[in-house]
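Following the hints, complete the assembly by docking chain B with the ligands onto the known chain A.
Chains as they are written, first to last, in the numbering used here: chain A, 1 to 327; chain B, 1 to 264.
These are calculated hints, taken from the structure and not from any lab test. Don't be surprised by glycine CBs; every beta carbon is placed ideally from N, CA and C. Keep in mind that the hints are not guaranteed to be accurate.
To be verified - Partial list, derived from the structure: chain A residues whose beta carbon lies under 10 Å from chain B:
1) A2
2) K191
3) V195
4) L267
5) Y326
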Amino acid sequence: MAQGVWTIAEQRDGEIRKISYELVSEGRRLADALGQELTVVLLGSNIKDKAAAFGPYGANKVMVADDSRLEPYTTDAYVSVISQLVKANEPAVLLLGASVQGKDLAGRLAARLDVAMAQDCTVFAIEGGTLVATRPIYAGKAYAKVTFENSWPQMATARPKVMSVNEPDPSKSAEVMDAAFTLDDADLKTKVMDVVKDESGKVDLTEADKIVSGGRGMKGPENYYILEALADVIGASVGASRSAVDAGWRPHSDQVGQTGKVVSPNLYVACGISGAIQHLAGMSTSKVIVAINKDADAPIFQKADYGVVGDLFDVVPALTEEAKKYV
Amino acid sequence: MNIIVCLKQVPDTETQIKIGSDRQSIVTDDIKWVMNPYDEYGVEEALRLKEKHGGEVTVVGLGPKRVTESIRTALAMGADKGILISDGALDGSDSLAHAKAIAAAIKDLQYDLIFTGQRGVDDDLGIVGATLAEALNIPQLSLIVKVEVAEDGKSVKVQRPIEGETLVITSTLPALITAQKGLNEPRYASLPGIMKAKKKPLAEKSLADLGLNSADFGAGARKMKILELTPPPAREAGKIVPGETPQEKAAQLAKLLHDEAKVL
Ligand SMILES: Cc1cc2nc3c(=O)[nH]c(=O)nc-3n(C[C@H](O)[C@H](O)[C@H](O)COP(=O)(O)OP(=O)(O)OC[C@H]3O[C@@H](n4cnc5c(N)ncnc54)[C@H](O)[C@@H]3O)c2cc1C
Ligand SMILES: Nc1ncnc2c1ncn2[C@@H]1O[C@H](COP(=O)(O)O)[C@@H](O)[C@H]1O
Numbered sequence: 001m002a003q004g005v006w007t008i009a010e011q012r013d014g015e016i017r018k019i020s021y022e023l024v025s026e027g028r029r030l031a032d033a034l035g036q037e038l039t040v041v042l043l044g045s046n047i048k049d050k051a052a053a054f055g056p057y058g059a060n061k062v063m064v065a066d067d068s069r070l071e072p073y074t075t076d077a078y079v080s081v082i083s084q085l086v087k088a089n090e091p092a093v094l095l096l097g098a099s100v101q102g103k104d105l106a107g108r109l110a111a112r113l114d115v116a117m118a119q120d121c122t123v124f125a126i127e128g129g130t131l132v133a134t135r136p137i138y139a140g141k142a143y144a145k146v147t148f149e150n151s152w153p154q155m156a157t158a159r160p161k162v163m164s165v166n167e168p169d170p171s172k173s174a175e176v177m178d179a180a181f182t183l184d185d186a187d188l189k190t191k192v193m194d195v196v197k198d199e200s201g202k203v204d205l206t207e208a209d210k211i212v213s214g215g216r217g218m219k220g221p222e223n224y225y226i227l228e229a230l231a232d233v234i235g236a237s238v239g240a241s242r243s244a245v246d247a248g249w250r251p252h253s254d255q256v257g258q259t260g261k262v263v264s265p266n267l268y269v270a271c272g273i274s275g276a277i278q279h280l281a282g283m284s285t286s287k288v289i290v291a292i293n294k295d296a297d298a299p300i301f302q303k304a305d306y307g308v309v310g311d312l313f314d315v316v317p318a319l320t321e322e323a324k325k326y327v
Numbered sequence: 001m002n003i004i005v006c007l008k009q010v011p012d013t014e015t016q017i018k019i020g021s022d023r024q025s026i027v028t029d030d031i032k033w034v035m036n037p038y039d040e041y042g043v044e045e046a047l048r049l050k051e052k053h054g055g056e057v058t059v060v061g062l063g064p065k066r067v068t069e070s071i072r073t074a075l076a077m078g079a080d081k082g083i084l085i086s087d088g089a090l091d092g093s094d095s096l097a098h099a100k101a102i103a104a105a106i107k108d109l110q111y112d113l114i115f116t117g118q119r120g121v122d123d124d125l126g127i128v129g130a131t132l133a134e135a136l137n138i139p140q141l142s143l144i145v146k147v148e149v150a151e152d153g154k155s156v157k158v159q160r161p162i163e164g165e166t167l168v169i170t171s172t173l174p175a176l177i178t179a180q181k182g183l184n185e186p187r188y189a190s191l192p193g194i195m196k197a198k199k200k201p202l203a204e205k206s207l208a209d210l211g212l213n214s215a216d217f218g219a220g221a222r223k224m225k226i227l228e229l230t231p232p233p234a235r236e237a238g239k240i241v242p243g244e245t246p247q248e249k250a251a252q253l254a255k256l257l258h259d260e261a262k263v264l
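Isolated chain A, as found in the complex (with noise of 0.2 Å):
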């Protein structure tokens, strides 16, 4: 019989991702409710120091695959190091993370294992001893309420920012152990040659914690300072609808819509943005809304929390030094 919680961690050059720490929280939940183990595994070179971390957040086991191959990151040597262990300890429940990294090993990972994975969920349940997952399908516009069948170990990846972290206690610590694997350099085909860190420095639209987005209403690229002048008093990253990306005024990784970024941030300001069903795809599921827009009628007022009727280019810079009084 499969057996306990398996989450896979997430790093970057030996740093642990905070998707990482939603999945050991989100995990340890699971594992109550089956009354099981939660064993986190954890890849990467020269790593093992790292495993500490996880105890305090619930892990009973931390999994340490440690092999010069494992950084940076490929598809090839993950799911080959992960299919091993999993084929060899068989869990019963297996998460990963959502982020670009985490849908990309997940898809590759279920299908070594000839396993059903539900891809980008926002919430878990045990029901019956079995994993329930819950997903937004057609860009959010409905949930899927979801289970497997005849499908070992039960698979899932979890949107990040969504799940939330537990309270770390120092006092708790997990068991560490090295993983049994072997890996053959002729299966590793693809190669990671470069790494080009993204110039603006400002933390990735699915990672934000607060997004400034700017749409048409802008009038042009050259207007988005007073966006970035916003974001950068409060702490936000800037996105953007796909009518400001077409037009050349943002680059393509700043779309938040249904052919763009997916984002969870707990606060979200639309300037000069409609709200046109594609672009509240991606961003329905921020805790806070907030609208700023001239158009009194302008569908995003449906779903803002809180909407300012008003020409932008008053109303952000007016908000901008109003928000230096509380940050």
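For chain B with the ligands alone, kept in the frame of chain A given last:
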């Protein structure tokens, strides 16, 4: 350079999704079906590579007969031939099963590259590309915004944006690439293109034609069970922030975000 592009037909992104009375499926009556937007990038990139390196572009779609229209669109854009995998026994299958049928159709073709979309804008799974790559035992490169094939046609160099950085990755060929927005600007089908598409070969294949067993497909073979579809949690229109001037509104908003919403 032979390239295969997988093409999924999905509801137009404008579609308001209505859930059926069975609470397991959506109401499809008024849906306008289109090529998955991410597959348009795949078709466009395949055509550009063909223009540069020569070869043939084959599009493969799985689904009901209406998928033919989307395949014809790709042919009108410039693809050379189409394959439609259509079989009543596929009704109710999950993506895993779809990928297996698509792999069966592709495995005997000549190919250097396969494109899929990074995800379908319907089920938002993004799993078919990886499943195909696994079935065909080739590397996958996902969420790609730039593709350069080496002169000798034996390897490919791609750009893959991840959170905060862009990776430059090389891979041996054949490989599978999942297309992300930013890869290119898809062309429109020209009128002569549309005329020509009508004469291009479009083969239809059943599961039996692909040497597959119907029993492995359909609702009964699903590994992912849908328990229930529900509308999204309602998000109600909130407050319109009061104030006479932009300054007053901004002051009120900042105060509300601090005191009430507690996000400032
Ligand atoms: C296949 C497909 C996929 C798509 N995917 C996406 C997607 O992922 N993301 C996305 O965003 N869109 C997407 N779209 C596009 C979407 O349909 C809309 O066209 C787009 O979101 C509109 O962008 P906007 O709100 O910036 O522009 P508009 O709809 O033109 O709205 C501009 C708004 O700015 C307001 N405004 C103007 N001036 C001011 C001012 N001075 N002060 C305050 N307000 C002002 C106006 O009142 C208006 O409401 C997609 C479309 C298709 C067909
Ligand atoms: N029924 C299908 N027919 C052809 N290609 C498909 C089909 N389903 C998925 N794909 C391909 O896989 C990509 C991702 O889809 P999905 O995994 O369903 O989100 C799509 O953009 C297509 O390229």
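Take the shortest C-beta to C-beta distance between L267 of chain A and chain B; is it under 10 Å? With a closest approach of 4 Å, the L267 of chain A hint holds.
Is the hint on A2 of chain A kept, meaning its closest Cβ partner in chain B is under 10 Å away? violated (15 Å)
The hint names K191 of chain A as touching chain B; please verify it with the least Cβ-Cβ distance against 10 Å. holds (5 Å)
Taking the least C-beta to C-beta distance, is V195 of chain A closer than 10 Å to chain B? Holds - the Cβ of V195 of chain A comes within 10 Å of chain B, reaching about 5 Å at its closest.
Restraint satisfaction for Y326 of chain A [CB to CB of chain B, less than 10 Å]: holds (4 Å)
This entry does not satisfy hint 1, going by the numbered hints stated previously; all others are met.
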